[in-house]
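**Q** Turn these sequences into a full structure, and let the hints steer you where they fit.
Protein sequences appear in the order of chains S and D.
Read in order, the letters of the first sequence are residues 0 to 316 in numbering that gives the first Met the number 0.
Read in order, the letters of the second sequence are residues 0 to 247 in numbering that gives the first Met the number 0.
It should be emphasised that the hints constitute simulated quantities derived from the structure, not laboratory data.
None of the values given here were measured: they were computed from a predicted structure.
Keep in mind that a hint or two might mislead.
Result set (EDC-like, lysine to aspartate or glutamate): computed pairs, CA atoms no more than 20 Å apart in a straight line [to be verified]:
#, chain 1, residue 1, chain 2, residue 2
1, D, K226, S, D299
2, D, K218, S, E139
3, S, K128, D, E221
4, D, K222, D, E243
5, S, K14, S, E160
6, D, K212, D, D85
7, D, K89, S, D108
So you can see what is in the structure, the chains are spelled out below.
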Amino acid sequence: MAVVVYIESENGTPKKAGLEVASYGRALADAHGVSLVAVGFNLTDHERLNVFGVDKLYNIDTQGGVHFDVERYSEALAQVATKVSASLMVVSSSADGRYIGPIVAIKTDAAYMSNVVGLPSQYGPLQVKRTCFTNKAFNETQSTKERVVLSLSSNSYGLHEKPGTAEVLSGDYPVSSNSLKVESVEKATDKVSIADADIVVSGGRGLKGPENWHLIEDLADVLGAATACSKPVSDMGWRSHSEHVGQTGKPVASNLYIAIGVSGAIQHLAGINASKVKVVINSDPEAPFFKAADYGIVGDAFEVVPVLTEKLKARMQ
Amino acid sequence: MNILVCISNVPDTTSKINFKEENTAFETQGVQFIINPNDEFGLTRAVWFQQKVGAKVTVVNVGDASCEPILRKCLAIGADQALRVDLQPKDGFEVATQLAAICKKESYDLIITGRESIDYNGGMVGGMLATLLEIPYVANCIQMDIASDEVSVQREIDGGKESLSATLPLVIGAQKGLVEEKDLIIPNMRGIMQARQKPLEVVPPEAAAPASKVQAFEKPAEKGPVKLVDAEDIDGLIDLLENEAKVL
Ligand SMILES: Cc1cc2nc3c(=O)[nH]c(=O)nc-3n(C[C@H](O)[C@H](O)[C@H](O)COP(=O)(O)OP(=O)(O)OC[C@H]3O[C@@H](n4cnc5c(N)ncnc54)[C@H](O)[C@@H]3O)c2cc1C
Ligand SMILES: Nc1ncnc2c1ncn2[C@@H]1O[C@H](COP(=O)(O)O)[C@@H](O)[C@H]1O
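**A** Next comes the structure, spelled out in structure tokens:
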């Protein structure tokens, strides 16, 4: 028996989401008294995993394949899961994690549960708490299958160190019979993505136009934050789709969410509610966001934000 | 080309979410139901293929009779026919199993699901369905073009996008970008009249079990009032974020 976790990486280094999944997996393995088996692809910096108590790492060489390949990755995970008789598998809630999770579940005859926000409330049958109705509620879901694949909401468990030494093994990279092929990837490599970010700075229609986005970007730069926007902002093409957050956009579960010139419509709040601390800067004291936020400033973004950015910059130096 | 669009019936995005029967069931009283927004993007793209290349568009829902109004709406938007698998599903796996049975009866070249449903947010039906059918799945699909059998698609990834090629049959998880908001079709009188004549077939479910069950629902704890900081006191805000909230 074992718990299997999928370690996402970028250029050979495990991502924070991968380390969080390892931490969470360690706790599950301890609860079951079994070992924690990690699966990664082309990891060079795998010593990082020792810090989080991984017992065994299958480090799979993709033979020059540089892109995430859903079919081959999911097959590799399923094969390891079968080999080590995994009862639980954990993936992150990143775009790739949520992509691979349901596929691995079918391949291994497991139940799949997404948006998991904490350790199981019960083992055997496994029961976990998950968000639903886009963060407007939670539910307790129980598995009716022996094996379960969980997708852990980012930042919901955090990083918990438990030093050990992982035995590093190589693993098969299965061939794919499927026609799907990645042709190219476009990615802003110098930018923090919303899924990975501890802090997200978000702008709404109150910023008046794309030419004013330096306000958002400068603040995000100082904080090492990702940038996001409300739906109308991306609908009008001020910002790209990938920045649209909310009920019909990306979910945000950062430690800090700063909303600037965003009114706080129910659909926007639904998607960002899982963030731990919310700050609003809005000129209208009646804006609904003030009801959802922890901290707020009633003021003009064009005056408040540059001062905030300057003061944070000075503080960092 | 034969296209199947999977339609989930979800509460309107402005709905207040409440539970009944000691928090074991969703309170549908007073809730307006809509086509899951991601599915509507997918349906719109399907209707575009119908008009450009004469594709036949079938919509399917796994649900009870209360889901028929949204299937009629899909027909008014332009789908040619509708199927309803007569079962109130307990989880995404059960939905995927029923949909797989539908896809085994009739062959579809393109199967469109939504990236996720906005009620249970499983984000699982598309990937499960494709895997059950042993065909590829493209999640978070933001663009798709088909030239004969060659498909080019784009998938949104964290911080960017990925371009892929594939062949049919294929399952995609639709979201905004596949079509834009302004392309969504608002049914006109003619569409609504025609929809009444189009076939809506009720199909009995296959025998299959769900993989999970919801034991109870819970609403998030009420949060305290916002702490307001004066617009002149930016240092005060930074201090609170650093020392009280401990997020800097
Ligand atoms: C089906 C459906 C799904 C939706 N999904 C989403 C979703 O996923 N995400 C989403 O964001 N929205 C979504 N919406 C839209 C949502 O209802 C709101 O329309 C939207 O969130 C409003 O965006 P906004 O706050 O940027 O703009 P507005 O509502 O126009 O708000 C602008 C705010 O800026 C403030 N402001 C103006 N000037 C200044 C200034 N100088 N300084 C500071 N503040 C200023 C104003 O007081 C106002 O509060 C959805 C709507 C529907 C119908
Ligand atoms: N009851 C259902 N009937 C038909 N299609 C569904 C149903 N539930 C979910 N789907 C489809 O699967 C997608 C993803 O749903 P989910 O996995 O629940 O997030 C939805 O956008 C729909 O396209």
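**Q** With reference to the structure, classify each hint as holding or not holding.
**A** Cross-check of the supplied hints:
no.	hint	result
1	D:K226 <-> S:D299	holds (18 Å)
2	D:K218 <-> S:E139	holds (11 Å)
3	S:K128 <-> D:E221	holds (18 Å)
4	D:K222 <-> D:E243	holds (16 Å)
5	S:K14 <-> S:E160	holds (15 Å)
6	D:K212 <-> D:D85	holds (19 Å)
7	D:K89 <-> S:D108	holds (17 Å)
The structure is consistent with each of the numbered hints, conforming to all of them.
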